[in-house]
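Below are the chains, spelled out letter by letter.
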Amino acid sequence: MRLLIAMLSCLALVAGAAEPMRPDMPMKGEMKKDGMKRGDVKKAAQKKQREMKEMMEREAKGKFR
Amino acid sequence: MKIPQNLERRLFLKQGLSLGALTLLSGCDVTNADAVQQVLSAMSRWNDGAQGWLFNPTKLAREYPESAITKPFPFNAFYTKEEAPQIDPQSYRLELSGLIGERRAWSLPELYALPQTSQITRHICVEGWSAIGKWGGVRFSTFLERVGADRTAKFVGFRCADDYYTSIDMATALHPQTLLTFRFGGELLPVEYGFPMKLRMPTKLGFKNPKHIAAIFVTNMYPGGYWEDQGYNWFSGS
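So the sequences go chain by chain: V and X. Counting from 1, one number per residue, gives the positions in the first sequence under my numbering. Counting from 1001, one number per residue, gives the positions in the second sequence under my numbering.
It is possible that some hints are incorrect.
[As the list claims (entries may be wrong)] Quick list of the computed label-pair ranges, beta carbon to beta carbon:
#1 X/G1231 with V/Q46: 17 to 23 Å
#2 X/G1186 with V/E57: 39 to 45 Å
#3 X/S1067 with V/E57: 47 to 53 Å
#4 V/G62 with X/L1060: 32 to 38 Å
#5 X/Y1112 with V/Q46: 28 to 34 Å
#6 X/R1104 with V/D34: 42 to 48 Å
#7 X/T1117 with V/K33: 33 to 39 Å
#8 X/Q1230 with V/R50: 17 to 23 Å
#9 X/P1109 with V/Q46: 27 to 33 Å
#10 X/E1095 with V/P20: 24 to 30 Å
[What the hints assert, rightly or not] Each computed DSSO-like pair below joins lysine-lysine, with the alpha-carbon atoms no more than 27 Å apart:
#11 V/K37 with X/K1081
#12 V/K61 with V/K47
#13 V/K33 with V/K48
#14 X/K1071 with X/K1134
#15 X/K1081 with V/K32
#16 X/K1071 with V/K28
#17 X/K1154 with V/K61
#18 X/K1154 with V/K63
#19 X/K1071 with V/K32
#20 V/K42 with X/K1154
#21 V/K28 with X/K1134
#22 X/K1081 with V/K43
#23 V/K33 with X/K1081
#24 X/K1154 with V/K47
#25 V/K43 with V/K33
#26 V/K53 with V/K42
#27 X/K1154 with V/K43
#28 V/K53 with V/K37
#29 V/K63 with V/K53
#30 X/K1154 with V/K53
#31 X/K1081 with V/K47
#32 V/K42 with X/K1081
#33 V/K48 with X/K1081
#34 V/K48 with V/K32
#35 X/K1154 with V/K48
#36 X/K1081 with V/K28
[As the list claims (entries may be wrong)] Partial selection, computed: residues in chain V whose CB lies under 8 Å from chain X:
#37 P20
#38 M27
#39 G29
#40 M31
The set of hints was computed from the structure by calculation and includes no laboratory data. C-beta atoms are modelled at their ideal positions from N, C-alpha and C, and glycine is treated no differently.
Build the full structure now, drawing on both the sequences and the hints.
Quick look at the structure:
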């Protein structure tokens, strides 16, 4: 019985390790601050791209006509 | 009655220390205040300027023999190794935008056809560890010249397939050891180390070296970066 429980626990661990990270899961690595989530980077990237896009297009038109 | 000069000095120091202690005591409130954050950000930008001014564009980082290579080379990201983006090499195209004359997309065979070089250098992480690896690819200065980038512009930015983004100064972009790399340890760049390409700069901390690059742009507008926008120093180099 103990052996069966140990085997099931191992299987659960392996399955857990392979499970993809959800956006609301805590970020990996040591650079993160408290509360940072996996999905924060995508949200920040989208916001940054919106902010930069129009300004950069204007800038490029001025430089390379 | 005349107060001795050294007593006045002592009083000034004492009051100064008291003010400092008060600031520390109320530290939690002070550090959360927007005004304080703005001051700290301004100081960090000033620090960027000073680092940029001190940066020597011709000084080379140390290179190492093959025997010094770290095995296994550590994996580090904000996600697990299994989640590193899988990119199809056939359909992959590197997008270019901003102050670049020839803004067409580049395929991998076109990038591999550029003159290649390699380096064995130390990757230094802001987390406190370092590792030596061998990277191969094209000098970034060669690539920027080839695509007609405005090399007088201030910044080069990167958007990556794992959503990460960062930017660097043009002086570092043109540094002879800054490589757009496609190979690691003599093999095609593995997925966990940034396939299909990683910008390798031995003059900057690891988080400034983007992996899985999907787009490159040149601009005079400060683009920041993910970690940089969270308060990490933008220049982060020597």
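Cross-check of the supplied hints:
1. Our hint of 17 to 23 Å for X/G1231 and V/Q46 holds, since their Cβ atoms are close to 20 Å apart.
2. Taking the beta carbon of each, X/G1186 and V/E57 are about 41 Å apart, inside 39 to 45 Å as hinted.
3. For the pair X/S1067 and V/E57, the beta carbons lie near 50 Å from each other, so the given range of 47 to 53 Å is met.
4. For the pair V/G62 and X/L1060, the beta carbons lie near 36 Å from each other, so the given range of 32 to 38 Å is met.
5. Evaluation of the 28 to 34 Å hint for X/Y1112 and V/Q46 yields a pass: the beta carbon distance comes to about 31 Å.
6. For X/R1104 and V/D34, the Cβ-Cβ distance of about 44 Å falls inside the hinted range of 42 to 48 Å, so the restraint holds.
7. Checking the proposed 33 to 39 Å range against X/T1117 and V/K33 shows it holds: the Cβ atoms sit about 38 Å from each other.
8. For X/Q1230 and V/R50, the Cβ-Cβ distance of about 18 Å falls inside the hinted range of 17 to 23 Å, so the restraint holds.
9. At about 31 Å, the CB distance of X/P1109 to V/Q46 agrees with the hint of 27 to 33 Å.
10. In this structure the hint that X/E1095 and V/P20 lie 24 to 30 Å apart at CB holds, the actual value being about 26 Å.
11. As the CA atoms of V/K37 and X/K1081 are separated by approximately 17 Å, the hinted pair is consistent with the 27 Å bound.
12. A hinted pair counts as satisfied when its Cα atoms are at most 27 Å apart, and V/K61 with V/K47 qualifies at roughly 22 Å.
13. Restraint check for V/K33 and V/K48: the C-alpha separation of about 20 Å stays at or below 27 Å, so the hint holds.
14. Between X/K1071 and X/K1134, the direct Cα distance comes to roughly 11 Å. Compliance with the 27 Å bound is thereby established for this hinted pair.
15. With a C-alpha separation of about 17 Å, the suggested pair X/K1081 and V/K32 falls inside the 27 Å cut-off, and the hint holds.
16. A C-alpha spacing of about 22 Å is found between X/K1071 and V/K28, which places the hinted pair at or below 27 Å, so the restraint holds.
17. Taking the CA atoms of X/K1154 and V/K61, the gap is about 17 Å. The hint holds against a cut of 27 Å.
18. In summary, the hint linking X/K1154 to V/K63 is supported, as the alpha carbons are separated by about 14 Å, within the 27 Å threshold.
19. Proximity of X/K1071 to V/K32 is assessed by CA-CA distance (about 26 Å); at most 27 Å being required, the pair is judged to hold.
20. About 25 Å separates the Cα atoms of V/K42 and X/K1154, which keeps this hinted pair within 27 Å; it holds.
21. Note on V/K28 and X/K1134: the hinted pairing holds, with a Cα-Cα distance of about 25 Å set against a maximum of 27 Å.
22. Under the criterion of a C-alpha separation no larger than 27 Å, the hint pairing X/K1081 with V/K43 is consistent with the structure, at around 21 Å.
23. For the suggested pair V/K33 and X/K1081, the alpha carbons sit about 20 Å apart, so the restraint of at most 27 Å is met.
24. For the proposed pair X/K1154 and V/K47, the alpha carbon gap of about 22 Å is at most 27 Å, so the pair holds.
25. At most 27 Å may separate the alpha-carbon atoms for a hinted pair to count; V/K43 and V/K33 meet this at roughly 16 Å.
26. The hinted pair formed by V/K53 and V/K42 meets the criterion: a straight-line CA distance of about 16 Å does not exceed 27 Å.
27. Restraint check: the Cα-Cα separation between X/K1154 and V/K43 comes to about 26 Å, which is no more than 27 Å; the hinted pair holds.
28. Taking the CA atoms of V/K53 and V/K37, the gap is about 25 Å. The hint holds against a cut of 27 Å.
29. Distance check on the hinted pair: V/K63 and V/K53 sit about 15 Å apart at the alpha-carbon level, within 27 Å; holds.
30. Restraint check for X/K1154 and V/K53: satisfied, since their Cα atoms lie roughly 17 Å apart, inside the 27 Å limit.
31. A threshold of 27 Å between alpha carbons decides the hint, and for X/K1081 with V/K47 the separation of about 26 Å falls inside it, so the pair holds.
32. Straight-line distance between C-alpha atoms of V/K42 and X/K1081 comes to about 18 Å, which keeps the hinted pair within the 27 Å bound.
33. For a cut-off of 27 Å, the pair hint linking V/K48 to X/K1081 stands: about 25 Å separates their Cα positions.
34. Annotation: proposed proximity of V/K48 to V/K32 holds, straight-line Cα distance about 19 Å (limit 27 Å).
35. Using a Cα cut-off of 27 Å, the hinted pair X/K1154 and V/K48 holds, with the two alpha carbons roughly 18 Å apart.
36. Distance hint between X/K1081 and V/K28 is fulfilled; the C-alpha atoms sit about 10 Å from each other, no more than 27 Å.
37. Interface restraint check for V/P20: the shortest CB-CB distance to chain X comes to about 6 Å, inside 8 Å, so the restraint holds.
38. Using the Cβ-Cβ criterion of 8 Å, the hint placing V/M27 at the interface with chain X is satisfied: the shortest such distance is roughly 5 Å.
39. For V/G29, the suggested interface contact is upheld, since its CB lies about 5 Å from the closest CB of chain X, less than 8 Å.
40. Against a cut-off of 8 Å between C-beta atoms, the interface hint on V/M31 holds, since the closest Cβ of chain X lies about 6 Å away.
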